[in-house]
Amino acid sequence: MEQGAIDLSALPSGFDLQSTLESGQSYLWWREDGEDFGDTTQYGGDAWYLTTARVDGEPVVVRVRQRDDRLDWEATVDAESLLTRRLRLGDDLDAIRATAPDDELVEQAYEAYWGMRLVNDPPFGSLISFICSAQMRVSRIHEMQQSLREAFGTPVEFDDSTYHAYPTPEQLAAASETELRDLSLGYRAPYVQRSAELVTEGTPIDVRDLPYEEAREALTEFVGVGEKVADCILLFSLGYDEAVPLDTWIRGTIEEYYPDCDRGNYTETSRAIREALGGEYAGYTQTYLFHFLRNGGGDNLGE
DNA sequence: TGCCAGGCGGATT
DNA sequence: AATCCGCATGGC
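Numbering (the UniProt record's numbering) for the first sequence: 1 to 303.
Errors might be hidden in some of the hints.
[Unchecked claim] With a Cα cut of at most 16 Å, we get these calculated EDC-like pairs of lysine to aspartate or glutamate:
no. : residue 1 : residue 2
1   : Lys228    : Glu213
2   : Lys228    : Glu201
3   : Lys228    : Asp209
4   : Lys228    : Asp247
[Unchecked claim] What follows is a set of in silico ranges between Cβ atoms, one per label pair, in the way DEER data are often shown:
no. : residue 1 : residue 2 : range
5   : Leu301    : Ala10     : 32 to 38 Å
6   : Asp78     : Val223    : 45 to 51 Å
7   : Asn300    : Arg263    : 40 to 46 Å
8   : Glu268    : Ala5      : 45 to 51 Å
Read the hints as simulated data drawn from the structure, not as lab findings. Cβ atoms here follow ideal geometry from the backbone N, Cα and C, with glycine treated the same way.
Throw the hints in and build the complete structure from the sequences for me.
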C-alpha cells in the first residue's frame, strides 16, 4: 500500500472534501464507514472515502480523508496526481466566484460550502452513473453504482480486503438486461447495457474537441442520455465548466430566482441561465446553488 | 395512497 | 418543434 498527504494550505484556495463528494456531482465514491450519501448532507467527522480508477488500464483503489489542511491518502498506487486531477485541487475558487453574479442567493451558496470543487470523474463512470440518475434520488444513484461494481467489476486487493473496480465498457456491454434489472436499475437497465456496448463499438465519450453545444448534442448519441444528462457528463467529467444541467432543482431555481431565463425550451433556457450565471464558470456556480438549495438553503430569501 | 426523485425514448400532432 | 405518455424502484 502506498500512502501520502497533500498539504491543502499550499493550494490556491481552501478545500472541502465532504462537500465535493457528497453534493450529488459524483456517484463514483463511497464512505468507508458505510454511511449513505444522504439526500441531505450530514456534516461533521472526517470519514474516509474510497473510489476506483484505471491507471495504465489497471484497476486501482484510492482512499482519502481530510483533516483540516491535510488530505491523507492511501492507495494501491501513488495517487497524488490522480487526486489532484479528480478533485480539481488546483482550481482558483476566488477567480471562479468572481465570474458569478453578485446576488444574495449566489453569495450565500458560495459562503455556505466554500471549498467545494467540481469533480473530474472518469468519462465512462460518469456516463453510466448519470444514465442511472434519471428520475432517481441521489442516495439510490450511489447504491446503483455500488451494485454495478460488485456485480461486474474486477476484484482488487487492497489493505487486506477485496474491492471491486468500476466496470469497464466491455464488462457492462456483456451484461444482460435481466442481470441489470436485478440490480434495481429499472427501465435504465437496457440504456446502461446498450450505451456500454456503443462505447465498445467506438462511439466517443470524450468529445472535448467540440464546442460546448455540439459536444452536448454528440453525447445524446448514447441511449439514456438526453440534454440534461449530457450536461452533467460535460460538467462533471469533461471540463465544460459552463454547462448548466437543467434538472428539476435548477428549473425550480430559475422559476423562483431567475424567471427571465425561462425560455420554454432546453437550448434557449440553457443559454439564458448560463449567461445569467456568468458564462465561463456557470456550471461551477450552478453546482454551489444545487447543493445549497438541496440542503434547504435560500429559505431566508423571502420573495 | 399517491406523489416524487439531478429524465429519456418513442409516438403523435 | 412541441407535447404526451410510459417507464422501475423506493421513500415519505
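The hints, checked one at a time:
no.: 1; hint: Lys228 with Glu213; verdict: holds (12 Å)
no.: 2; hint: Lys228 with Glu201; verdict: violated (24 Å)
no.: 3; hint: Lys228 with Asp209; verdict: violated (20 Å)
no.: 4; hint: Lys228 with Asp247; verdict: holds (7 Å)
no.: 5; hint: Leu301 with Ala10: 32 to 38 Å; verdict: holds (36 Å)
no.: 6; hint: Asp78 with Val223: 45 to 51 Å; verdict: violated (37 Å)
no.: 7; hint: Asn300 with Arg263: 40 to 46 Å; verdict: violated (29 Å)
no.: 8; hint: Glu268 with Ala5: 45 to 51 Å; verdict: holds (47 Å)
Comparing the model with each numbered hint stated earlier shows that hints 2, 3, 6 and 7 do not hold.
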